[in-house]
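Asker: Each protein sequence line maps, in turn, to chains A, B and C. Just so you know, the first sequence maps onto residues 1 to 339 in our numbering. Just so you know, the second sequence maps onto residues 1 to 308 in our numbering. Just so you know, the third sequence maps onto residues 1 to 323 in our numbering.
Hints are supplied without guarantee of correctness; some may be wrong.
[What the hints assert, rightly or not] Under the rule of at most 25 Å between Cα atoms (straight-line distance), these lysine-lysine pairs were calculated in the PhoX-like manner:
#, chain 1, residue 1, chain 2, residue 2
1, C, K36, C, K84
2, B, K94, A, K62
3, A, K127, A, K140
4, C, K105, B, K25
5, A, K82, A, K70
6, A, K62, A, K82
7, A, K140, A, K82
8, B, K32, A, K62
9, B, K72, B, K94
10, C, K84, C, K105
11, C, K248, C, K36
12, A, K62, A, K13
13, B, K28, C, K105
14, B, K94, B, K83
15, A, K265, C, K248
[Unchecked claim] Some but not every residue of chain A turned toward chain C, in silico, with C-beta under 10 Å:
#, residue
16, A193
17, A221
18, V227
19, P240
20, L257
21, P276
[Claimed, not checked] Per label pair, the in silico range of CB-to-CB distance:
#, chain 1, residue 1, chain 2, residue 2, range
22, C, D127, B, A165, 27 to 37 Å
23, A, P107, C, F14, 20 to 30 Å
24, C, T67, B, V51, 53 to 63 Å
25, B, L23, A, T67, 30 to 40 Å
26, B, S191, C, N274, 21 to 31 Å
27, C, P103, A, R10, 35 to 45 Å
28, B, D140, A, N106, 25 to 35 Å
29, A, G28, C, S34, 57 to 67 Å
30, C, S34, A, D314, 54 to 64 Å
31, C, D135, A, D77, 49 to 59 Å
32, C, S179, A, D296, 25 to 35 Å
FYI, nobody ran anything at the bench for these hints, they're computed from the structure. Virtual Cβ for every residue (Gly too), placed ideally from N, Cα, C.
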Amino acid sequence: MSKDVILDVRNLKVDIPVSAGMLHPVRGISFSVARGETLCIVGESGCGKSLTSLALMGLLPKTATRTADKLDFLGQDIRDLKERQMAALRGVNMAMIFQEPMTSLNPAYTIGNQLIEVYRRHIDPGKAEARERAIFLLEKVGISAAASRLSQYPHQLSGGLRQRVMIAMALMCGPDVIIADEPTTALDVTIQAQILHLLADLQKEFQMGMILITHDLGIVARVADKVQVMYAGSTVEEGPCQAVFDSPLHPYTSGLLRCIPVPGKTQRGSRLGSVPGIVPNLVGDLHGCMFRNRCDHAEAACEALAGDATQLSDGHAFTCRMTPDEAAQAARQTAREVA
Amino acid sequence: MAEAALPLRRQQTAEEILEPSPLSKLRKRIFKNYSFLIGAIILILILVVAVLAPVFEALGLIQDPYAQDLAKRLQNPFWHEKKVDPDHVFGTDKVGRDYLSRLVYGAQISLLIGFSTMIISGSIGTVLGVTAGYFGGRVDMVVNFIINTRLAMPVFLVAMAAVVAFGASLWVVILVLGLFLWDRFAVVMRSITMQARDLDYVKAARALGCSPPYIIVREIFPNVLSSLTVVATVEMANAILLEAALSFLGFGVQAPTPSWGLMLNEGREYMFFSPWLLALPGTCLFLLVLAINLFGDGLRDVTLERER
Amino acid sequence: MTAALETVDVSCVFQVNQGFMKGSKPLRAVNGVSLKIPKGQVVGLVGESGCGKSTMASILLGLQEPTSGEVLYSGESAGSFDGKDIARRIQPIFQDPYSSLNPTKSIHSIVSLPLRIHNVGDPADWDRKVYDILDLVGLPRRVAQSYPSQLSGGQRQRVAIARALIMRPEVVICDEPTSALDVSVQSQILNLLQDLRQELGLTYLLISHNLAVVEHMADRVAVMYLGRIVEEADADTLFRDPRHPYTKALLGSVLTPDPSLGVPDTHLGTVFPNPIDPPLGCSFHPRCSACMDICSAQTPMPVTEGDHMTECHLYAPQEAVAV
Chain A
1 MSKDVILDVR NLKVDIPVSA GMLHPVRGIS FSVARGETLC IVGESGCGKS
51 LTSLALMGLL PKTATRTADK LDFLGQDIRD LKERQMAALR GVNMAMIFQE
101 PMTSLNPAYT IGNQLIEVYR RHIDPGKAEA RERAIFLLEK VGISAAASRL
151 SQYPHQLSGG LRQRVMIAMA LMCGPDVIIA DEPTTALDVT IQAQILHLLA
201 DLQKEFQMGM ILITHDLGIV ARVADKVQVM YAGSTVEEGP CQAVFDSPLH
251 PYTSGLLRCI PVPGKTQRGS RLGSVPGIVP NLVGDLHGCM FRNRCDHAEA
301 ACEALAGDAT QLSDGHAFTC RMTPDEAAQA ARQTAREVA
Chain B
1 MAEAALPLRR QQTAEEILEP SPLSKLRKRI FKNYSFLIGA IILILILVVA
51 VLAPVFEALG LIQDPYAQDL AKRLQNPFWH EKKVDPDHVF GTDKVGRDYL
101 SRLVYGAQIS LLIGFSTMII SGSIGTVLGV TAGYFGGRVD MVVNFIINTR
151 LAMPVFLVAM AAVVAFGASL WVVILVLGLF LWDRFAVVMR SITMQARDLD
201 YVKAARALGC SPPYIIVREI FPNVLSSLTV VATVEMANAI LLEAALSFLG
251 FGVQAPTPSW GLMLNEGREY MFFSPWLLAL PGTCLFLLVL AINLFGDGLR
301 DVTLERER
Chain C
1 MTAALETVDV SCVFQVNQGF MKGSKPLRAV NGVSLKIPKG QVVGLVGESG
51 CGKSTMASIL LGLQEPTSGE VLYSGESAGS FDGKDIARRI QPIFQDPYSS
101 LNPTKSIHSI VSLPLRIHNV GDPADWDRKV YDILDLVGLP RRVAQSYPSQ
151 LSGGQRQRVA IARALIMRPE VVICDEPTSA LDVSVQSQIL NLLQDLRQEL
201 GLTYLLISHN LAVVEHMADR VAVMYLGRIV EEADADTLFR DPRHPYTKAL
251 LGSVLTPDPS LGVPDTHLGT VFPNPIDPPL GCSFHPRCSA CMDICSAQTP
301 MPVTEGDHMT ECHLYAPQEA VAV
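Just chain A, same shape as in the assembly:
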């Protein structure tokens, strides 16, 4: 690979024992993120996207087990790292931004205190230097009067400002990759656009890799370089953003895209497409395509489908029994039915 790959993941699996048997929430995910690149993992609730991010950070619940063929971060295998080493990595090289900023900021400390503490714990500079960096980053994330903000407490800030502080905190140690799990879901649309704009700017400026986890296809389309569509714990389609949105091949991807009303495109009051049915239970021995109970194009062959993706030339790949031509035609057919 010619690009400067930061994170390379092959066949990541997460298993959690539950009372009914073994739950397989993540079942063989592979991806890589390069410097300055944004990977969006998109999927509906229960598809395993959040557990994937926790698995990367080594923050899985104690009962869960993580296996992978490859889990390289900055060229180093992090599969068997001790918790202490992992914690150091998390603080400095990997940063995470969560959905709800209020729960990730400690209400008992000022934001200056928290920003400086993060930096000093991992990097150990002088206090003045840490303070300077905190102010620099608060200004970077668009907070005015940064110096005076340092003495404020999280509850004194609005939701949008808190998320900005979270971003500044994630950037304190100059991470190589940022993992953002639904960073704007709790925010208003106007603030959401601002935060995404800011994230994209900062990422280009500091040349970080970014993994953005979301359920919102609108966000994905606007910020992603690469897209990974997850369903029931595995990837059903991946590829460059433009290719996936222009010609979705997996029936799930095209189905999802038909579900959202688009101002100017879908006609007012017309029926929207839908993906009826519910996500299957992921407990026990699983085989075949997990989407087959909700798919219009399901056949007996789907029950025996191996998890191998069909690769197209431009890095676009999807996991389905259909050939690319069949799949493209099926997607067009769904589009016609809806219209």
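Based on the hints, put chains B and C in the right spot on chain A.
Answerer: Chains B and C only, in chain A's frame:
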């Protein structure tokens, strides 16, 4: 297992029901919760013995707890190495009453006090707490004032004063404890009702034109019931211990009624020569309170465990 | 034409405690709102969180007494109705299907509650009515015997819709009906709402922050900011020709799934005004990109052109600006 159930092709009626019913889940959780099971078994055993005490007496399994036999004072219980009386398995007390039957009838008194107190204080506290939590504002202020007033009064001293004023009897003890132990009910019910009041299903019921009493009784109450039972068990154990303490000090149940607290007091003088006089009622008290607490704790885990 | 539901200059003021011994300050959650919801139409009410949308919903449902102003049901003042009369005309659908159904009640009991409260018809008919409405919202009849915890989010939202519709109300207030749901479920619920509207001739007030959804559903749209309606027009006009800078910013923030476009830059600034202490003049001016001197001094008056209402100094008649 789930795999076999995954059908091919979409079903047009949309979704199917996946989850087992709440009742079968509850059953599952009950049988996995050992502290709940152990507590429940001990509690049921004590309950059965206490309720059936007159039957046991009629059958001749136990004796009259009041029958004195001064010739057989301080008989040793069955595990003692020497001089065991086969008529009195757990021995006799200082006036020769059968200790086993006194313990059995003592369980009756303890449970009676526990239940009655719990019902009186539970009713007072729940009414106050739920009203305050649902209506808020001024009502809440008034109830809070009443709660604070109650918390400022020492239960034990007031109970002793009441006994002095009204004379000591079982019913005075129950009434005093019942009128004083409602504070925790009120506090817990108030905060839970406040949370429930803001939930959308309460709003939906209001938007349907349901009256406040209907909403409180039919919509909110079933949802606070599990917390209520947990508080109830804690308070019941508390009441039983308080009764024992009052009786031990002579301010509670009066002789010759067989109360465990009273038995502890009577056995005090013989502590070094006949330690079982203290050990037996003490153990009973300990077992009963432990069982109630295990049961209550387990009940909370069993009923409050919510799905994601 | 009389509107199915109308508010005339409705305000709602809450007293907010400032802390121990500090007294309280008024918070104008809704500040002089006049809104008409014509029969058979879908009116969208959009705005950010904290703009007073939900308070409006409570006022319309009769759950919150307005501090001043009047709510009219089919042209008649709310004063002439009691709670149950209002309940028969207007029903809500809430955002979170996980908290809008009582977990201790069976679906049958939840859906038939309105019938029991209003004592409609023969109890023998209730079963049939429950099954009819379950059919209508696309739920299998066997869910009647199950409990909310056994259903998925989409199914629960269908139950909530069934409960709202079993009395055949005229107006349904949908408070963010799909924002807690997955995309694939959201489209099913939106389709269902559309179908039901046609079938039963319903009138909707659709409260949402998702402009794509509002654009798809609504005939008229009102944009709310800090307790005021700052722009109102029919949906075509508003989405084609938004006037108020706030509406423009909102529309600009909608992220359509179009990879050829980047993330929009809304120039809205990071300040969100404190509703207890709103800015002088136009309440939007601290965030406005087209802010003028007059904006911080004088509250703009509503300007109506056709039926496009805008409350912004940019569109004030010239003479008014001169004064």
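Asker: All the hints need checking, so say for each whether the structure fits it.
Answerer: Hints versus structure:
Of the pairs offered as hints, the one joining C:K36 and C:K84 holds, with about 22 Å between alpha carbons and a cut-off of 25 Å not exceeded. Of the pairs offered as hints, the one joining B:K94 and A:K62 is violated, with about 59 Å between alpha carbons and a cut-off of 25 Å exceeded. Between A:K127 and A:K140, the direct Cα distance comes to roughly 20 Å. Compliance with the 25 Å bound is thereby established for this hinted pair. Note on C:K105 and B:K25: the hinted pairing holds, with a Cα-Cα distance of about 16 Å set against a maximum of 25 Å.
With a C-alpha separation of about 17 Å, the suggested pair A:K82 and A:K70 falls inside the 25 Å cut-off, and the hint holds. Restraint check for A:K62 and A:K82: satisfied, since their Cα atoms lie roughly 14 Å apart, inside the 25 Å limit. In summary, the hint linking A:K140 to A:K82 is not supported, as the alpha carbons are separated by about 34 Å, beyond the 25 Å threshold. About 21 Å separates the Cα atoms of B:K32 and A:K62, which keeps this hinted pair within 25 Å; it holds.
Proposed proximity of B:K72 and B:K94 is supported: the alpha carbons are some 9 Å apart, at most 25 Å. Of the supplied pair hints, the one linking C:K84 and C:K105 holds, its CA atoms being roughly 22 Å apart against a limit of 25 Å. Proximity of C:K248 to C:K36 is assessed by CA-CA distance (about 23 Å); at most 25 Å being required, the pair is judged to hold. Proximity of A:K62 to A:K13 is assessed by CA-CA distance (about 15 Å); at most 25 Å being required, the pair is judged to hold.
Among the hinted pairs, B:K28 with C:K105 is consistent with the structure: their alpha-carbon atoms are about 20 Å apart, no more than 25 Å. For the hint pairing B:K94 with B:K83, the CA-to-CA distance comes to about 16 Å; that is within 25 Å, so the pair holds. Taken as a hint, the A:K265 and C:K248 pair is honoured in the structure, with Cα atoms around 19 Å apart against an allowance of 25 Å. At about 4 Å, the closest approach between the beta carbon of A:A193 and any beta carbon in chain C falls short of 10 Å, and the interface hint on this residue holds.
Given hint, A:A221 at the interface with chain C, holds; its Cβ is 4 Å from that chain's nearest Cβ, closer than 10 Å. The closest approach between the C-beta of A:V227 and any C-beta of chain C is roughly 9 Å, which is under the 10 Å cut-off, so the hint is satisfied. Against a cut-off of 10 Å between C-beta atoms, the interface hint on A:P240 holds, since the closest Cβ of chain C lies about 9 Å away. Look at A:L257: its Cβ gets to within about 6 Å of chain C, closer than 10 Å, so that hint holds up.
The beta carbon of A:P276 is positioned within 10 Å of a beta carbon in chain C (closest approach about 7 Å), and the interface hint is therefore held. Here the CB-CB span from C:D127 to B:A165 is close to 60 Å, at odds with the stated 27 to 37 Å. Between A:P107 and C:F14 the beta carbons are some 24 Å apart, a value that agrees with the proposed interval 20 to 30 Å. The given range of 53 to 63 Å is respected by C:T67 and B:V51, whose C-beta atoms sit roughly 60 Å from each other.
Taken as a hint, the range 30 to 40 Å holds for the pair B:L23 and A:T67, whose Cβ atoms sit roughly 38 Å apart. Distance hint check for B:S191 and C:N274: the Cβ-Cβ separation is about 28 Å, which falls inside the suggested range of 21 to 31 Å. Against the hinted window of 35 to 45 Å, the Cβ-Cβ separation of C:P103 and A:R10 comes to about 43 Å, which satisfies the hint. A hinted range of 25 to 35 Å holds for the C-beta pair B:D140 and A:N106, which are about 31 Å apart.
About 58 Å separates the C-beta atoms of A:G28 and C:S34, a value consistent with the hinted range of 57 to 67 Å. For the hinted restraint 54 to 64 Å between C:S34 and A:D314, the CB-CB distance of approximately 55 Å keeps it satisfied. Between C:D135 and A:D77, the C-beta spacing of about 58 Å keeps the proposed range 49 to 59 Å intact. Taking 25 to 35 Å as the suggested C-beta distance range, the pair C:S179 and A:D296 conforms, at roughly 27 Å.
Hints 2, 7, 22 from the list above are not met by this structure, while the remaining hints are.
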